[in-house]
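Participant: If you use mature numbering (1 follows the signal peptide of the UniProt record, and there is no 0), the sequence shown corresponds to residues -22 to -1, 1 to 192, in order.
No lab work stands behind these hints, which were simulated from the structure alone. Every residue, glycine too, gets a C-beta built ideally from N, C-alpha and C. Where hints are given, some of them may not hold.
With a straight-line cut-off of 16 Å between C-alpha atoms, the simulated EDC-like cross-links for lysine to aspartate or glutamate are [said to hold, decoys possible]:
| hint | residue 1 | residue 2 |
| --- | --- | --- |
| 1 | 22 | 57 |
| 2 | 22 | 149 |
| 3 | 140 | 31 |
| 4 | 46 | 35 |
| 5 | 140 | 35 |
| 6 | 46 | 21 |
| 7 | 22 | 52 |
FRET-style restraints, in silico, Cβ to Cβ [unchecked claim]:
| hint | residue 1 | residue 2 | range |
| --- | --- | --- | --- |
| 8 | 30 | 61 | 19 to 25 Å |
| 9 | 38 | 11 | 15 to 21 Å |
| 10 | 6 | 29 | 24 to 30 Å |
| 11 | 57 | 15 | 15 to 21 Å |
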Amino acid sequence: MEVSYIKLYSVFALLLRISVHGQVSDRDRCPPRLAYAYYTFQDKCYEFINHEEYWAEGQSYCEGNGGKMLEIYDQATMDFIRYNLDNVTGWTEAGVWIGATDSAVEGTWEWHSGSVFHYSYWGEGEPVDYWPLYHRDCGLLRREYNWRWAAYPCYSLGYYYKFICMYGAHDSTTKHDYCCHQPDVIETNDRIQYTHSSLYCSHPHDNYHTYSSN
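Start from the sequences, fold in the hints, and give me the full structure.
Facilitator: Structure, rendered in structure tokens:
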């Protein structure tokens, strides 16, 4: 009997998840069917969105999925985010949006959700609120600052970055009536190239099965 490459890949991915993140049940505390890589820390789930948007569009994406753009309330969370950006995601971009803004009152920074802004991690000289042509009203993690924060234009042409959504993690002892949660192992009889198997695993209902191994 021919062994499905995609099944082997899925089992390997599951074992890797356990070795890196601990119990798989930790990830089951997150909302189902998140489209991008996500990780748990304390009582939150963090989804690392692997495409670029302006700040407001990123915020809308997170809110549309029941979350909010990344808000960082303490150094432990900052260290967790920085570790993942440096060692896990493989991202090479210069910046990542966070949900901090002073668009309501210039110079008064707050989280877009209304959460208390009692912790900050600004880079040297930041936040700089104004450049000659535009205001810098939105928060960004800057790679060149070792992921310390900087103030950047929210909407100006060319200023779009990847972002991170955060969601409340459910209590692992609580039962939730979610429909159709994707299994960790997906069996298929389709012939799929190994190089495309990760796409299939991430989005099994998309049309990646059209790739042939011939």
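Participant: Decide, hint by hint, whether the structure agrees.
Facilitator: Structure-based check of all given hints:
no. : hint                : in the structure
1   : 22 x 57             : holds, 14 Å
2   : 22 x 149            : holds, 10 Å
3   : 140 x 31            : holds, 6 Å
4   : 46 x 35             : holds, 12 Å
5   : 140 x 35            : holds, 11 Å
6   : 46 x 21             : holds, 14 Å
7   : 22 x 52             : holds, 13 Å
8   : 30 x 61: 19 to 25 Å : holds, 22 Å
9   : 38 x 11: 15 to 21 Å : holds, 18 Å
10  : 6 x 29: 24 to 30 Å  : holds, 25 Å
11  : 57 x 15: 15 to 21 Å : holds, 18 Å
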